[in-house]
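S.K.: Here is how the chains run, residue by residue.
2 protein chains.
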Amino acid sequence: MEVIVGGGIVGLTIAWRLSRAGRAVTVVDPAPGTGATHAAAGMLAPVSEVTYTEEPLLRLGLASLGRWPSFAAELAADAGLDAPAVEAGRGVDLRTDGTLDVAFGADDLAALDELAAFMAKLGLPVERLTGRECRRLEPMLAPSVRGGLLAAGDAWVDPRRVAAALLAALERRGVPLVRARVTALLREGEGGAVRGVLLDQAPGELRADGVVLAAGAWSAELADVEVRPVKGQIIRLRSPEPLLSRCVRGTVHGAYVYLVPRGDGELVVGATQEELGFDTRVTAGGLYELLRDARELVPGVTELEVADVVAGLRPGTPDNVPYIGPSGTPGLTLATGHHRGGVLLAPLTAAILLGEEPELAALCAPSRPRAGARVEALEEMG
Amino acid sequence: MEVIVGGGIVGLTIAWRLSRAGRAVTVVDPAPGTGATHAAAGMLAPVSEVTYTEEPLLRLGLASLGRWPSFAAELAADAGLDAPAVEAGRGVDLRTDGTLDVAFGADDLAALDELAAFMAKLGLPVERLTGRECRRLEPMLAPSVRGGLLAAGDAWVDPRRVAAALLAALERRGVPLVRARVTALLREGEGGAVRGVLLDQAPGELRADGVVLAAGAWSAELADVEVRPVKGQIIRLRSPEPLLSRCVRGTVHGAYVYLVPRGDGELVVGATQEELGFDTRVTAGGLYELLRDARELVPGVTELEVADVVAGLRPGTPDNVPYIGPSGTPGLTLATGHHRGGVLLAPLTAAILLGEEPELAALCAPSRPRAGARVEALEEMG
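Quick note, the sequences are listed as chains X and S, same order.
Taking the numbering used here, the leading residue of the first sequence gets 532, the next gets one more, and so forth.
Taking the numbering used here, the leading residue of the second sequence gets 532, the next gets one more, and so forth.
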């Protein structure tokens, strides 16, 4: 039996895919689906996110995006969601209408042109639009939007629905879910092979043939892995009718802000990126910046009701690429450090652990070289 | 027996004071203390509010402010709060450290000077301060604050604690509280004397010798009274240590914003004023404006945690003065239309109904002349 530590979207996905592959698994999490997954906007946007990422991450993202449609369909089936329910928007709300990246000033426009050229070189399907063309696609955009880049292949999903569907699928498959906190890995001697986990409550410990560490930002508390919490705050607004038909993002006041519309009229505004340790407070300053920037992109958001404000902790790594695969310690596999890409990369992560993607596995192997990576990451954060 | 319709701070106060005076009362409210009282900041600030009010309201406010200390002490005693509890800040959190009204630009400063002169003429205790003096009193104020006006006599209280104490005092006195909605007044014939209330659930109706209408913004649904809902949104922030030692307010972007510190470290930021009917949605635009303006007054608020966001409906009247006293219809007494002053004016309202303030009663008599009042009020709202 294998233990999956962590019931976020990554851990739950691994448990579900391993179980479908015939392996005995147990998930351990004190409160599944309430961490970064609960706060995530759910953009599946490897193309429009290419600006901030390196090429390895783009390759991983594109590969995982390609897996999402069949992943979502199989998940809906395993979770017992029938076709009418999925069609009525009660599935995981996978939408594939693309992401529109918009620009306000001359500098932003120049950056968009550069990005469009870079994407063309990579053979990525993007389209450069004028301000008028942007507003034709999305009439609620601010009149001051001067141009945009449409990544038609980008998609998005509702991470809370995905987590709920995964929990339902696991229950239907009879996969045990232990609602406890893992306090330490159970090892054979000092620094030896991992043989299970210690829990903060009964049964006290779980012995296992192997442990998959998918504990997100908390992973470094359990193993020697360079993962740090990167706080993100989001706002969920409620709209009587949808303001947008696709994801919209842009740089406002030097910070990226995005708006993700859901099928039920919800509009998610995200997200701050703060390096504050294990701090999950929703702050006045975080809300202020999100609301200010969202207003500049789409002035009509001011009329919308605030449904929810929430903060989560992304698991950041020095090179922004997750650690997926053998840890180097016998019995311990890593599936953590997904940073902003946990929802996007969940299907690929499970596929890598099942040996389906040997080439991509090398890109996110925990043993990969990463000299100087931290410096680059810090420079990138500016 | 008399029925009090409405379990906000005004209705509960009336019930408590009438009961203490030996009268049999029953309070009817589907959810006491959850309306405007729940959203109120609790400023007892007749002096610093003098700018937006007419002189009658100032006189009412000063009289009621004078009643607050003994009112709070008697309430704590009747509610069973012992002296150590009150001293430890678990009372109604009445604080008397004054309100500081600050100005940023030359126009604001000129307005402060005018206001100071007006207050001096009225014999009100205010002190004109330089920007440096303001920051000496409140070091967290923005460096751009150029001057201020200290109304040392102004006070504030926690309205949620007041409502809780009133409910406890009523329970200890054995005053019945019927958790139902009043659907109509029970009348003798068409437009005749009021003899009780009809309820939306069992017991269906309550017969009474008299009815006091203290239903706030909903009063006009039950009687012919010119009260309209004026929406206010507030944000409650949580501070590890107090940022301010007194209420601070100022005009930012043409709108008044205030910050009210509580004994437990909470900081209330309020409040929007919106004429949108019975709309209690917390909106992106409302939060944005409050956060933006609060940041300008006290930049340090950005670090604080958002504990709560809430909207309430103030009961506005054409001349901003409440209706307190006989309605003109036998059996029906009014105690509504307190607009921004419900918390401040609650003690006086009960005193007027007990006949203790005949002179002030004339100012807020429902039968008062108010020709042209609506025009003035509209002009004032700009």
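In case anyone wonders, no lab produced these hints; they're calculated from the structure.
Incorrect hints may appear among the rest.
[Said to hold, decoys possible] Computed, partial: chain S to chain X, Cβ under 10 angstroms:
id, residue
1, Arg-659
2, Arg-703
3, Gly-705
4, Gly-808
5, Arg-812
6, Val-813
7, Gly-816
8, Gly-817
9, Glu-820
10, Arg-823
11, Ala-825
12, Val-832
13, Thr-833
14, Leu-835
15, Val-837
16, Val-840
Quick reminder that beta carbons are idealized off the backbone N, C-alpha and C, glycines included.
S.K.: Confirm or reject each hint.
M.R.: Outcome of the hint check:
1. The beta carbon of Arg-659(S) is not positioned within 10 angstroms of any beta carbon in chain X (closest approach about 30 angstroms), and the interface hint is therefore violated.
2. Checking Arg-703(S) against chain X by beta carbon gives a least distance of about 38 angstroms; that is not within 10 angstroms, so the hint is violated.
3. Contact between Gly-705(S) and chain X, as hinted, is not supported at the beta carbon level, the nearest pair being about 41 angstroms apart and thus beyond 10 angstroms.
4. A least Cβ separation of about 14 angstroms between Gly-808(S) and chain X goes past the 10 angstroms threshold, and the interface hint is therefore violated.
5. A hinted interface residue such as Arg-812(S) counts as satisfied when its beta carbon comes closer than 10 angstroms to some beta carbon of chain X; here the least separation is about 4 angstroms, so the hint holds.
6. For Val-813(S), the interface hint holds, the least distance from its beta-carbon to any beta-carbon of chain X being 5 angstroms, beneath 10 angstroms.
7. With a cut of 10 angstroms, the hint placing Gly-816(S) at the interface with chain X holds, because the nearest CB-to-CB distance is about 3 angstroms.
8. The criterion of a C-beta within 10 angstroms of any C-beta in chain X is met by Gly-817(S), whose closest approach is roughly 8 angstroms, and the hint holds.
9. At a threshold of 10 angstroms, the smallest CB-CB gap from Glu-820(S) to chain X is about 9 angstroms, leaving the interface hint in force.
10. A least Cβ separation of about 6 angstroms between Arg-823(S) and chain X falls short of the 10 angstroms threshold, and the interface hint therefore holds.
11. The beta carbon of Ala-825(S) comes within 7 angstroms of a beta carbon in chain X, closer than 10 angstroms, and the hint placing it at the interface holds.
12. Below 10 angstroms, beta-carbon pairs count as interface contacts, and Val-832(S) has one with chain X at about 5 angstroms; its hint therefore holds.
13. Against a cut-off of 10 angstroms between C-beta atoms, the interface hint on Thr-833(S) holds, since the closest Cβ of chain X lies about 3 angstroms away.
14. At its closest, the beta carbon of Leu-835(S) sits 5 angstroms from a beta carbon of chain X; the interface hint therefore holds under the 10 angstroms criterion.
15. A hinted interface residue such as Val-837(S) counts as satisfied when its beta carbon comes closer than 10 angstroms to some beta carbon of chain X; here the least separation is about 5 angstroms, so the hint holds.
16. Below 10 angstroms, beta-carbon pairs count as interface contacts, and Val-840(S) has one with chain X at about 6 angstroms; its hint therefore holds.
Of the numbered hints given earlier, the model fails hints 1, 2, 3 and 4; all others are met.
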